[in-house]
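A.B. asks: The lines below spell out each chain.
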Amino acid sequence: GAGVSQSPSNKVTEKGKDVELRCDPISGHTALYWYRQSLGQGLEFLIYFQGNSAPDKSGLPSDRFSAERTGGSVSTLTIQRTQQEDSAVYLCASSLDGYRDQPQHFGDGTRLSIL
Amino acid sequence: AQKITQTQPGMFVQEKEAVTLDCTYDTSDQSYGLFWYKQPSSGEMIFLIYQGSYDEQNATEGRYSLNFQKARKSANLVISASQLGDSAMYFCAMREGGGGSYIPTFGRGTSLIVHP
Chain A
3 GAGVSQSPSN KVTEKGKDVE LRCDPISGHT ALYWYRQSLG QGLEFLIYFQ
53 GNSAPDKSGL PSDRFSAERT GGSVSTLTIQ RTQQEDSAVY LCASSLDGYR
103 DQPQHFGDGT RLSIL
Chain B
152 AQKITQTQPG MFVQEKEAVT LDCTYDTSDQ SYGLFWYKQP SSGEMIFLIY
202 QGSYDEQNAT EGRYSLNFQK ARKSANLVIS ASQLGDSAMY FCAMREGGGG
252 SYIPTFGRGT SLIVHP
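Protein sequences, first through last, are from chains A and B. At position 12 of the first sequence (counting the first as 1) the number is 14 in my numbering, and the numbers step up by one without a gap. At position 71 of the second sequence (counting the first as 1) the number is 222 in my numbering, and the numbers step up by one without a gap.
Just chain B, same shape as in the assembly:
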């Protein structure tokens, strides 16, 4: 079974609008971490935001927020006030366990295109 599922291969949004990118995860661990990364066409992966499984508040970083719904095992990324520079691939990742190796598993990504 997929550990991280991103069901939207492609998303389109109008500039200045908000957009939600979906991510669901599968784990039986109580302790885990969730990450979102952005990969522009230039190729470099850029860290955006992190949510720990024990964090009670949803993480926020500027225009990025993570809608963490633990019972549903979802960790959707919300980008507010989209900008043309937000056009990129977005990857959700999860780190399970904590027995020594903190190795995140990545989803297949969602391509976001922001229209002017």
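Isolated chain A (complex conformation):
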């Protein structure tokens, strides 16, 4: 079956522009996570959606970052007024539900480069 799909796979943009990253989770998965991975670093948690509950935004680094999840499925991560330090790989993951330990299924990520 289809895995987690992320688009675009690569994005190069100029500092100050807004970008939108898309994540299409595995069908039926109610939990969705966004992470950021900088070179040589582990995964930095950004935001978590579980069903219709209010998202956990505790990992968003600044108010330039926002995310939404429409219809409990596709999610979009938006970065406004991009800065060079936003350059990283943005990973999306989904799991069957967020109420117990479940393996996370990851997409291939979006590599974001800010010039």
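There are no misleading hints in this set.
Where chain B lies over chain A, by a calculated footprint (3+ residues, C-beta under 8 angstroms):
(1) 40-48
(2) 98-111
Some chain A residues near chain B, calculated using beta-carbon distances under 10 angstroms:
(3) Val6
(4) Ala33
(5) Tyr35
(6) Tyr37
(7) Leu93
(8) Ala95
Calculated from the structure, these hints are not laboratory results. We put the beta carbon where it would ideally sit given N, CA and C, even for glycine.
Mind docking chain B on chain A? Use the hints.
C.D. replies: Same frame as chain A, now just chain B:
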């Protein structure tokens, strides 16, 4: 303080040998979960193995086993009979608590290179 510590930035192993990747964790919770993921150069994170804090037996999945030492707060990954395809980054992760958000925290990873 780091929640997950992976002290080995890089490891080398000969093909067909076993290798242990270290992971220590820091939590005061009684209920927690530990995960290992593999990230090949292609970038996709792949789930390998899971250990719950109340599980008495060490988890095993094929060539992967988790050496869980609760008192030492360590959850080392053992890969037996290494293969060239095992060359990748390996991440240890921990989920604490259970109050509603099951959000794992990841370590910085260990790079494993398997030599022929």
